[in-house]
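One-letter residues, chain by chain:
2 protein chains.
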Amino acid sequence: MPQYKYTVAMSCSGCSNAVNRALNKLEGVEKVDIDLEKQLVIVDASVPQEKVLETITKTGKAVTPIA
Amino acid sequence: MPQYKYTVAMSCSGCSNAVNRALNKLEGVEKVDIDLEKQLVIVDASVPQEKVLETITKTGKAVTPIA
Chain A
1 MPQYKYTVAM SCSGCSNAVN RALNKLEGVE KVDIDLEKQL VIVDASVPQE
51 KVLETITKTG KAVTPIA
Chain B
1 MPQYKYTVAM SCSGCSNAVN RALNKLEGVE KVDIDLEKQL VIVDASVPQE
51 KVLETITKTG KAVTPIA
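Protein chains in written order, with UniProt numbering: chain A, 1 to 67; chain B, 1 to 67.
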């Protein structure tokens, strides 16, 4: 299954919980790992990268895919 | 223009900025007022209440419309 990585601006556990919740609502997302200190979000998902990116964008957080 | 009010769980300014950003991306939203301390989000918008609620839900924050 593809794994995608993103840098996401998150400043508290409320921020990271929100990103986690939003991603887990997306069908095809199997696993979400978030490192708040490193501003890192790692997603295992059977959907295209763009779909995952769009879901994170809709949380209102600044997000950058890591190549 | 209709005005909608919501209680939204926000714990830092990163949280409230994210909600603000997400709402301002929604077409038809004219004004967003957020009170972080009161967990209050007030939206002036020319779109149905459900559309605004859906947009807030997609931020991953817990949200309750205020009647």
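The set of hints was computed from the structure by calculation and includes no laboratory data. Mixed in with the good hints there might be a few duds.
Unchecked claim - Restraint-style ranges between C-beta atoms, simulated for each label pair:
id, chain 1, residue 1, chain 2, residue 2, range
1, A, D44, B, S46, 22 to 28 Å
2, B, S46, A, I42, 37 to 43 Å
3, A, G28, B, G28, 36 to 42 Å
4, B, T64, A, L53, 27 to 33 Å
5, A, T64, B, L53, 40 to 46 Å
6, A, T64, B, A9, 32 to 38 Å
7, B, S13, A, T7, 18 to 24 Å
Said to hold, decoys possible - Not close to chain A: a few residues of chain B, all C-beta gaps over 12 Å, as computed:
id, residue
8, C12
9, L23
10, V47
11, E54
12, P65
Where is the CB? At the ideal position from N, CA and C, for every residue including glycine.
Evaluation of the provided hints:
1. D44(A) / S46(B): 22 to 28 Å: violated, 40 Å
2. S46(B) / I42(A): 37 to 43 Å: With a Cβ separation near 39 Å, S46(B) and I42(A) satisfy 37 to 43 Å, so the hint holds.
3. G28(A) / G28(B): 36 to 42 Å: For G28(A) and G28(B) the Cβ distance comes to about 29 Å; the hint is violated.
4. T64(B) / L53(A): 27 to 33 Å: Once the Cβ atoms are compared, 28 Å apart, the range 27 to 33 Å for L53(A) and T64(B) holds.
5. T64(A) / L53(B): 40 to 46 Å: For T64(A) and L53(B) the Cβ distance comes to about 28 Å; the hint is violated.
6. T64(A) / A9(B): 32 to 38 Å: violated, 26 Å
7. S13(B) / T7(A): 18 to 24 Å: holds, 19 Å
8. C12: violated, 4 Å
9. L23: Since the minimum Cβ distance to chain A is about 8 Å, L23(B) lies within 12 Å and the statement is violated.
10. V47: The assertion about V47(B) holds, with a minimum of 16 Å to chain A.
11. E54: violated, 10 Å
12. P65: Correct as stated: the minimum Cβ-Cβ distance to chain A is 18 Å, above 12 Å.
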